[in-house]
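There are 2 protein chains.
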Amino acid sequence: MSSLKEINPISTNTENSRFHPLDQLTGDEIMTVAEIVRKGVPNLNIVFNTITLKEPKKELMMSYLGWDTTKPRITKIEREALVVALEKPSMKCYEALVSLDNGQLKRFEHIPDVQPILTMDEMFEVEELVAKDPRVQAECRELGIEDMSCVFSDPWAIARHVTYKGRSKRMMQALMYMRTCEDDNQYAHPLDFVPIIDLGLMKVVDIERIKPRDSKFTRPTIPLEKHNFLPEFVGEENFRKDIKPIIVQQPEGVSFKVKGTEIDWQKWNMKISMNYREGLVIHNVSYQDGAEKRPLFYRISLSEMVVPYADPFTPHNRKHAFDVGEYGLGLCTNTLTLGCDCLGSIYYFDATFNDHNGKPFHVPNAICLHEEDAGILFKHTDYRNGRAHAVRSRRLVISQIVTVANYDYGLYYYFYQDGSFQYEVKATGELNTHVLAEDETPGPYGVMVAPQINAQYHQHFFTMRIDPMVDGANNSICKVDTQRVPHATGHPNNMYGNGFYSESTILKDTAEGQQTANYETARFWKIINENRIHPYSKGPVGWKIVSNHHTPLFAQDDSVVGQRAGFAKKALWVTPYNENQIFAGGFYCNQSDGDDNVEHWVKDVQSIQNKDIVLWYTFGVTHLPRVEDFPVMPVEMCGFSMKPCNFFMANPGIDVPPTNKGINHSKLASKEKENKAACCTKL
Amino acid sequence: MSSLKEINPISTNTENSRFHPLDQLTGDEIMTVAEIVRKGVPNLNIVFNTITLKEPKKELMMSYLGWDTTKPRITKIEREALVVALEKPSMKCYEALVSLDNGQLKRFEHIPDVQPILTMDEMFEVEELVAKDPRVQAECRELGIEDMSCVFSDPWAIARHVTYKGRSKRMMQALMYMRTCEDDNQYAHPLDFVPIIDLGLMKVVDIERIKPRDSKFTRPTIPLEKHNFLPEFVGEENFRKDIKPIIVQQPEGVSFKVKGTEIDWQKWNMKISMNYREGLVIHNVSYQDGAEKRPLFYRISLSEMVVPYADPFTPHNRKHAFDVGEYGLGLCTNTLTLGCDCLGSIYYFDATFNDHNGKPFHVPNAICLHEEDAGILFKHTDYRNGRAHAVRSRRLVISQIVTVANYDYGLYYYFYQDGSFQYEVKATGELNTHVLAEDETPGPYGVMVAPQINAQYHQHFFTMRIDPMVDGANNSICKVDTQRVPHATGHPNNMYGNGFYSESTILKDTAEGQQTANYETARFWKIINENRIHPYSKGPVGWKIVSNHHTPLFAQDDSVVGQRAGFAKKALWVTPYNENQIFAGGFYCNQSDGDDNVEHWVKDVQSIQNKDIVLWYTFGVTHLPRVEDFPVMPVEMCGFSMKPCNFFMANPGIDVPPTNKGINHSKLASKEKENKAACCTKL
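Going down the list, the protein sequences come from chains A and B. Take 1 as the starting number for the first sequence in full-length UniProt numbering and just add one per residue. Take 1 as the starting number for the second sequence in full-length UniProt numbering and just add one per residue.
Derived by calculation from the structure, the hints in this document are not laboratory data. It is possible that part of the hints are untrue.
Note that the list lumps identical chains together, so a pair holds whenever it fits in one copy or between two copies.
In silico DSSO-like links for lysine-lysine, alpha-carbon gap of 27 angstroms or less [unchecked claim]:
#1 K661 <-> K257
#2 K76 <-> K271
#3 K92 <-> K203
#4 K226 <-> K293
#5 K57 <-> K106
Bound-form chain A, shown alone (with noise of 0.2 angstroms):
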């Protein structure tokens, strides 16, 4: 193993006053970087799985960003590379740290017995390699299949395997389909058989059967019918022809403005970055209440997720994504499309990420950065004399969508104007699905969405984490919860039995910092500063998080998933603030057997209390699917929102001005069609 001593610095071409700290790496640096580790480590055979920003420490950034005001301010950061790297063909796992500033390479060192996240090359190449492998021909031709050319794999994480276990070796497993001809939709003719893979050695190593359920079944066959919703599939001649175009336009610019990844919208301010990970990171969230500009949130993201498998028997009991510590969402992301994925008066921002060689793989249109009217913000009318006053809400936009295989993601910031922010997931793309044999069913753990078709029954949980400020670094959380008054109805304290209150209480450390929702006593949580009081409610100002999708991790508690996943069994854990802790699974989340995530992190008991804290926020939904999820799922919706509870001094939207039909020019639908002529002409 190389040591520190060996390395020699490299000049660079990086001026590093160019550059926002929180700015990503360029396509240049991330060149740099990797010439900077390979001149460093000249004897090992490397490749590069993760070349990205180190985020610079909390300390020095709330200086540098001017919260801190205790000390000078810092106004230059030293910029650093943070490096997985994989030797061939042991696998083994380096981190390299590399000073952007200077060309130094100032760490490298082997972690032992960890498998970083997989990357778009494995994806391909495990796919190759799999569709080569005698064996899986050989499985292939028994189902029928002479042309390879016809069967696909989707490389998965291996998760924890009987044989393959632990993290030793570098293992995925591909579920196979076939398409029956260019761009068929492959989940409707799944494949019965796993092959699992050593990207070690680079080889096919075992193949499993998917047995059915009942040994009275023959091996299932392959579906052959066709299940597409691509238009040649559909045919254009079969699509509605009666959806009239929406037009929505901003003839005077958009509102938001926009200096680098800094963006200023409505009293809001923040910086976006998008690493491999986490994809979108939204950073240093600021509202500019009268003269002073209120610090709120230093950093959110999607800091994990996973996707559990319902069926207990092998090999579906292997399959809980983490979509985020095993594939990355800023490798996963897509390029958008302008009046397709995105409507309106859109900025893009584009991403850049790693390849293997350390060469850059640009994202074009990889965040899309827009408005949209929201409806009313709020309204009232005097019923006396008939007096309204609606203002209608506009919300800030800031999202991407990635593909995770089978599945698709759009992820959703949103910023209203009434101080209110809100995380948006919507799900959608391709069910996994799993061949059953003819009149075999799919028991209580799916749905045949067509014939032989089995949806599995699964969960997605999308674990954020939330770095608040509210009003300054050190943050404390408040339980509230809802509750009957103790008295009988009847009782002088409540004569008409319908008194109830809320009950507040401050989580003191790590260990009353695990919360689980509570539909019985309406519970939520607030962010709160207790080192301001609110002058009106005369308690501390915060921020109120909630959300309405919460759902039971309805895996053990010991189960594999519950192990590797600890993180989606609580609705919020709450930890001190840790620089190394930012993925809720672990930084090594792959083939992870759960010694490193926010489960174990606060078995240490520690104080939360008025200190710099985060957040580990967990949403979801149990998805059952129905057979309209097939052959393409509707958007699924879940996500939190946080609004200020008792910070601000009124509803911060009052400023908002009212609209009209000569601002937006509205029209009368009816009187459209009369004068469709004119209409049109006047357009």
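Fit chain B to the known structure of chain A by using the hints.
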């Protein structure tokens, strides 16, 4: 009392054939009906409470609409009006049934011991009465008010009063406020007393002082600080200047077709109406599935609401407004404004109700019908070649906005292209406020949103009446619970511990039909038709009903509100269809004691399986106000949705064509900024 024998038919101008049987009464019809009733009972001194369409019997309508093909199709149905009148000054209640076909008063009878809905006329009369009352004036003088034109009252239903209970008298209570100038927000200046009004006597019969909780406090002064949101108070010079217009246009027209009150849109067909009580009602919903027009819902409406407050002390413990049954969502509906309430290409429907004199009052633009872009409907990208197919979602929105004294509710019915349906409530307007003595606190029942202003905690429950006809009149309800498999991790049937399954239970009778939400099992319900089995799923075709907004009623079960609003105790009740059961809180909800509501109807255990059934489905929010909800509340949303669940043969939206920037003129915001002039001339 008059009897039917005394009544002579009066000729009418109504031509039955002009009307669909579900069309509401016209203004002329209202006047005709009033005349018929007056002439029928010339010796009674009556005021008209309600003059409304008597909806035809469902058995007739099912034939008329073509769904019941077991007998010859009915093509003509007698048009009838239902009248509720009050005799003055006894305030005895009478019901009448009038045939509009032959001008006959078919029924006229005294309904003992009920009080019908409150009317706008009464709201105005009571406010005037209160201002003129010497004892009220004395109270105001003691508070320092000399000019009674500054004093305003929100007349509320009395609910149940310790002294004035029962229904023999028609009573109201008035919540008192002042204004410091014209159009000032009265909720910033609440007064500390509640006049009790007898509407028969037209007299203030009592005045209740709201005592501070602790006797150490002296009488609260009136908080005089202004808290306003109307433009003249905020000051147009203080309005945000940086919101650029968003223009939504449909230059080729809208995609829906309207014929009378029948709407055709994207394979959906339905009819709408608006009555005094439920407001907007959706009738006869069907979906064109290939060659088959499939019936889905006979009738959907917001049947009842209740808004119970938390504070257990008098007079707050009487506050639990039934906004449907006591005030009427039709009577309280707003005239909507183009470009303000409604954005884009809008089709409006008017509504007509009656006043006390039997004259019509007309609400122009009472219902807004329009289309909205609703983000992506579905998307999938093949990550191998990057081929993406994304389709945008369009929704049809049918909406109204009501003002019930302080609160305003936007009520939105949405229909989507993937066959799903959604109902959304946007609660906005003014918090109900109560005055505190200086230094008094709201206790655990409210929050101080400004000095001395207590915004009391409360809940909003919305109970939908859903009369389904999923592929036919006879339907069943199926409860779906998700559970862990009952085997520990390591068991042969749960080796990895991941196993979970869903369990479906068909509800057999009205006892089983009483259902609570269960977050622990991700519970939802399905409306199924056991007579039609889906060829893929092998189970009955069905529709899933889901809300993420169930909240428990925090009042005691035997509380006054618990008795009167029994419907709010459960998420779902299922009853056999009964034409007299339209309102979950009873037809005569005002001053009710709770002897006629859904909780009572289900006491007789009746079968609900494979029958003509009705669902009473409740969702809501527990609202702990924030300072940010004052002086006007940003919309707070809740609702529910229904989705086809193994009903269609595939995603019903796969024939929606993709859009592109050529169709919807989407633009790059960055480019737009550069070429601003060019862009604007092009428009």
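Each hint, compared with the structure:
1. K661 <-> K257: both (26 angstroms within a copy, 23 angstroms between copies)
2. K76 <-> K271: within (18 angstroms within a copy, 66 angstroms between copies)
3. K92 <-> K203: within (17 angstroms within a copy, 89 angstroms between copies)
4. K226 <-> K293: between (57 angstroms within a copy, 25 angstroms between copies)
5. K57 <-> K106: Within one copy only: 16 angstroms inside a chain, 83 angstroms across chains, cut-off 27 angstroms.
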